[in-house]
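**Student:** Note that the protein sequences, when read in sequence, are chains E and R.
Residue 161 in the numbering used here sits at position 67 of the first sequence; the count goes up by one each step and never skips.
Residue 94 in the numbering used here sits at position 2 of the second sequence; the count goes up by one each step and never skips.
If you're looking for bench data, these hints aren't it; they were derived computationally from the structure.
Backbone N, C-alpha and C fix where the C-beta goes; we use that ideal spot for every residue, glycine too.
Just so you know, not all the hints are guaranteed correct.
Have a look at the derived ranges for each label pair, beta carbon to beta carbon [what the hints assert, rightly or not]:
#1 Ser124/E to Ile326/R: 27 to 35 angstroms
#2 Lys149/E to Val173/R: 42 to 50 angstroms
#3 Lys284/R to Ser140/E: 53 to 61 angstroms
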Amino acid sequence: MKKTILVHTDFSLNSLNTVKVFFEQYAQKSEKYEIVFLTGYELSNSITELLFISKSKIVQSIANQEFFEAFNIIKNKFESQLHSTRIEIFTGFGQTSFNDLMKLNNVSQIFTCNGLTFNRKFNKNCFDLTKLIKKSGYDFIEIETQKENEVNYYLQSNLSRVFEGTPQLH
Amino acid sequence: MLNRIEASFEIQNNFVSNASHELRTPLTAIIGEADVTLSKIRTPEEYIETISIILEEADKLDKKTKALLFLAQTGFNGKTVEFSKVRIDQLLWDVKEIIERINSNSSIYLDISLMPDDPMKLKVLANEQLLHLAFTNIVSNACKYSDYKTVRVSIGVSNANVIVVINDQGIGIPEKELSHIYDTFYRASNTKNYEGYGIGLPLTRNIIRMHKGEILVYSEEGKGTTVQVKLPAISASNKASITF
Numbered sequence: 095m096k097k098t099i100l101v102h103t104d105f106s107l108n109s110l111n112t113v114k115v116f117f118e119q120y121a122q123k124s125e126k127y128e129i130v131f132l133t134g135y136e137l138s139n140s141i142t143e144l145l146f147i148s149k150s151k152i153v154q155s156i157a158n159q160e161f162f163e164a165f166n167i168i169k170n171k172f173e174s175q176l177h178s179t180r181i182e183i184f185t186g187f188g189q190t191s192f193n194d195l196m197k198l199n200n201v202s203q204i205f206t207c208n209g210l211t212f213n214r215k216f217n218k219n220c221f222d223l224t225k226l227i228k229k230s231g232y233d234f235i236e237i238e239t240q241k242e243n244e245v246n247y248y249l250q251s252n253l254s255r256v257f258e259g260t261p262q263l264h
Numbered sequence: 093m094l095n096r097i098e099a100s101f102e103i104q105n106n107f108v109s110n111a112s113h114e115l116r117t118p119l120t121a122i123i124g125e126a127d128v129t130l131s132k133i134r135t136p137e138e139y140i141e142t143i144s145i146i147l148e149e150a151d152k153l154d155k156k157t158k159a160l161l162f163l164a165q166t167g168f169n170g171k172t173v174e175f176s177k178v179r180i181d182q183l184l185w186d187v188k189e190i191i192e193r194i195n196s197n198s199s200i201y202l203d204i205s206l207m208p209d210d211p212m213k214l215k216v217l218a219n220e221q222l223l224h225l226a227f228t229n230i231v232s233n234a235c236k237y238s239d240y241k242t243v244r245v246s247i248g249v250s251n252a253n254v255i256v257v258i259n260d261q262g263i264g265i266p267e268k269e270l271s272h273i274y275d276t277f278y279r280a281s282n283t284k285n286y287e288g289y290g291i292g293l294p295l296t297r298n299i300i301r302m303h304k305g306e307i308l309v310y311s312e313e314g315k316g317t318t319v320q321v322k323l324p325a326i327s328a329s330n331k332a333s334i335t336f
């Protein structure tokens, strides 16, 4: 029996720390988990654009190679407890549609972190789901992470950030 | 294309002038010492001192030419190098042990928090001696230029690569000089108080390339440096891990 864990993300490498902390501190060794990455996404208002949009195109525009590679590092470590992984986007508006999405995916727990930022070039159409998460009535845990230093985004590669621990682990 | 040819000429020019300058320095010292000592009759002790200095400088010259030769060999001709399956974690434990033995001030923390338990995933196709040399160079640089503060070496495996990240909290590399760190004999402007020939990084990069890997360096002056090395994993898998 797999348990579904929702991970609120902004597709930054910082947000992958949430998954790391989940497996290191909260996951049971004997259970298998399905990780669902979720971000809010504001769809375009133009009908022509909407005609040609698809979920996979949207995800490809937000999540980059580095995000996947960094996730693979985590996956290879916790493979025995990982059932599957999915990326979902929430394009609705209110609490009800958010709660419906939770029900549809049979979510057991929601994990988020406090260092998420949504105004970067790659995730500028994404929005913060924190309020909706807190009011959903579902069991949620907020992880403390360091806010990602803006300067780092101009460096060549951020893959090594996945090895940086969250403050509470030190 | 013209830019590349121009750049290539410039690199070769710089290399030749750097190399000849580096090799001439100990030679100048030897000639100088010998000249001065021969200018009049001296005591046996003075002759002994002179000869010791000449030996010391000749030794330096020997080491520099050996390093240059090694660099040239790893850069251009890899045909007689033997490869075998090497476990990256064992290699790095070994590197850590050797560095800490040579200099007991070194403090290296091997971070295996994201390292998979399956040893098959940690194997790379490598020449053990050369890869050992490459990592020893990176890690000992990290120790040296951070005045022996703790250096963190992390290991992780993605689908295609084994990734090693070496992180220090040292003097860092000035941003404008980052593009020159692989130039032979190049030493950054903030390294005046540290010993070194400037040959480690170009050698290391050649070795990593020989292993079909990739090395990335990023740094913030005064805060620290991170070196990221990727090597193709033998157990590479093309399975898509996230569906969407």
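**Student:** Could you run down the list of hints and mark each one as holding or not?
**Tutor:** Going through the hints against the structure:
The hint said 27 to 35 angstroms for the Cβ distance between Ser124/E and Ile326/R, and at roughly 30 angstroms that hint holds. Our hint of 42 to 50 angstroms for Lys149/E and Val173/R holds, since their Cβ atoms are close to 47 angstroms apart. For Lys284/R and Ser140/E, the hinted distance range of 53 to 61 angstroms is satisfied, since their beta carbons lie about 60 angstroms from each other.
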